[in-house]
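Each chain is listed here by its residues.
Number of protein chains: 2
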Amino acid sequence: MTSKKEIMSYLKQEILSLALKPGSMISETALSERFQLSRTPIRDVLKQLSLEQYVDIYPKKGNLVSYIDLESVEQVIYLRNVLEKEIMKSLAGNIPLKGLHELRGNLAQQQQCIEQAEGAGLFLQLDDQFHRTMFGLAGREFLWGVLQQFNVHYIRYRKLHMLKDEKLATIQQEHQQLLDYIVQGDTTGIDELLHHHLRADIDSMNFQEHFATYIKK
Amino acid sequence: MTSKKEIMSYLKQEILSLALKPGSMISETALSERFQLSRTPIRDVLKQLSLEQYVDIYPKKGNLVSYIDLESVEQVIYLRNVLEKEIMKSLAGNIPLKGLHELRGNLAQQQQCIEQAEGAGLFLQLDDQFHRTMFGLAGREFLWGVLQQFNVHYIRYRKLHMLKDEKLATIQQEHQQLLDYIVQGDTTGIDELLHHHLRADIDSMNFQEHFATYIKK
DNA sequence: TATGATCATCTTGTATACAAGTTAGGATTC
DNA sequence: GAATCCTAACTTGTATACAAGATGATCATA
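Going line by line, the protein sequences match chains A and B. Numbering (this note's numbering) for the first sequence: 1 to 217. Numbering (this note's numbering) for the second sequence: 1 to 217.
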């Protein structure tokens, strides 16, 4: 009844939303019964999930939802930072009007989202859309896809980190500023702002203490 | 007799070296008989290879060695370019002595390799090692790993492209120059040199004509 | 009581039979 | 001869039985 693709996106969502907590066990037979499918296709799904680091497979022991790897988070943030800096500079001064409207619309929605406190879930979705649009406008959607494949740890980290500190407003303002710089063609402004933008305080002991049970040791 | 890991690295090597040509069919049963293993573990290997784009799986039809995707090549080159520019600038002026020796040694070997015309295979290996060392010195080995996972198309393209034009000497000289800039802490020099370094002429019709049978349409 | 071995029962890994889609070639028909 | 349909032979996808390692509880023993 349920196809492999559906099962996969279902599990991905559950893991990314932290509904399935890091360290939880995902047994093949359990999934098999739950989705009324034999173990073989279930294994295919788990294999793929493990390659994308959603799941850690311990042979003959079991499949665990991966713990958040802070090293991976830091590296991915750096990668995003470097890429976006370059992409925004390439857009500076010559951003298509259509794209500009889309981005402005997005930021407006983000603003609404904050005022109405509709939950951070939607905001994060809009945030992703904002960055993705940037990549698209620069002809780098491919690289956005690359980032997505290494996002498991980053997305979960971000979810916890943002919910904790409610920095949403700050982020929205920074986005607004970035867009202004792009329109004005102010590349040095972009450089300076992005320099500390995504350099989130990973090593804040605060975070590690709070979510110790989610983190890879 | 042969383990999954061995089969995988074996197939990877055959594909990267173009011993298995793009478009070649890789049948599960054939591999099964060849390596004396049942289809199940073979399928695991093929699944992973397809996720890393070594292989394209056409359901109920067959598994083909992937054609070289020039779009992917261009994007990966861009990614490398952006990352390395940032990494080298971070190393500029404060590169560890030990690392410097390693890089110089590597360049010397590259030089030898060219003079003795030992075949480009070794040169490309040294080239990879050079860049990898850079990443390592900057604490970005993780990102080198990321690049590797999207390298199938790039590596094969590079192999054909370089063998064809024998630009090896040029590349080696550029590396030498880059290293000098790093030692001197000349970040603008790095910027300028890298700007056109990896921007290989992908869209050279020459290449597409020559290797049409290898290229994804 | 503490300790250690045994074994039942988990888990995933592999082999194999069968289902089902695809394709190419030949027989049939016009 | 040309077109069409059918079939046989591929291919991968799925289900299932069995192999084999890991784990923990239980029971025997010092």
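Keep in mind that the hints were calculated from the coordinates and are not lab data. Treat the hints with care, as some may be off.
One copy or any two copies: either way a pair holds, since identical chains are not told apart in the list.
Subject to a maximum C-alpha distance of 25 Å in a straight line, what follows is the list of computed PhoX-like cross-link-like pairs (lysine-lysine) [unchecked claim]: (1) K98 <-> K12; (2) K47 <-> K60; (3) K159 <-> K98; (4) K167 <-> K4; (5) K61 <-> K4; (6) K85 <-> K21; (7) K61 <-> K85; (8) K47 <-> K12; (9) K89 <-> K60; (10) K216 <-> K4; (11) K167 <-> K98; (12) K4 <-> K98; (13) K167 <-> K85; (14) K47 <-> K5.
Against the structure, the hints:
In this assembly of identical chains, K98 and K12 lie within 25 Å of each other by CA distance neither inside one copy nor across copies; the values are 32 Å within and 43 Å between. Taking CA atoms no more than 25 Å apart as the test, K47 paired with K60 passes in both settings, with 14 Å inside one copy and 20 Å between copies. In the homo-oligomer, the alpha carbons of K159 and K98 never lie at most 25 Å apart, since the shortest distance is 30 Å inside one protomer and 40 Å across protomers. For a Cα distance limit of 25 Å, the shortest separation of K167 from K4 qualifies neither inside one copy, at 37 Å, nor across copies, at 47 Å.
For a Cα distance limit of 25 Å, the shortest separation of K61 from K4 qualifies both inside one copy, at 23 Å, and across copies, at 19 Å. For the identical chains of this complex, K85 and K21 are neighbours neither inside a copy (33 Å) nor across copies (38 Å), given an alpha-carbon limit of 25 Å. In this homomeric assembly, K61 and K85 never come within 25 Å of each other (Cα to Cα): the closest approach is 44 Å inside a single copy and 44 Å across copies. Taking the shortest alpha-carbon separations for K47 and K12, both the intra-copy value of 13 Å and the inter-copy value of 18 Å come in at or below 25 Å.
Within a single copy, K89 and K60 get their C-alpha atoms no closer than 50 Å, and across copies no closer than 46 Å, so neither meets the 25 Å cut-off. In the homo-oligomer, the alpha carbons of K216 and K4 never lie at most 25 Å apart, since the shortest distance is 28 Å inside one protomer and 27 Å across protomers. For the identical chains of this complex, K167 and K98 are neighbours neither inside a copy (29 Å) nor across copies (42 Å), given an alpha-carbon limit of 25 Å. In this homomeric assembly, K4 and K98 never come within 25 Å of each other (Cα to Cα): the closest approach is 37 Å inside a single copy and 50 Å across copies.
In this homomeric assembly, K167 and K85 come within 25 Å of each other (Cα to Cα) only inside a single copy, at 21 Å, whereas the closest approach across copies is 31 Å. For the homomeric pair K47 and K5, the shortest alpha-carbon distances inside one copy (13 Å) and between copies (14 Å) are both at most 25 Å.
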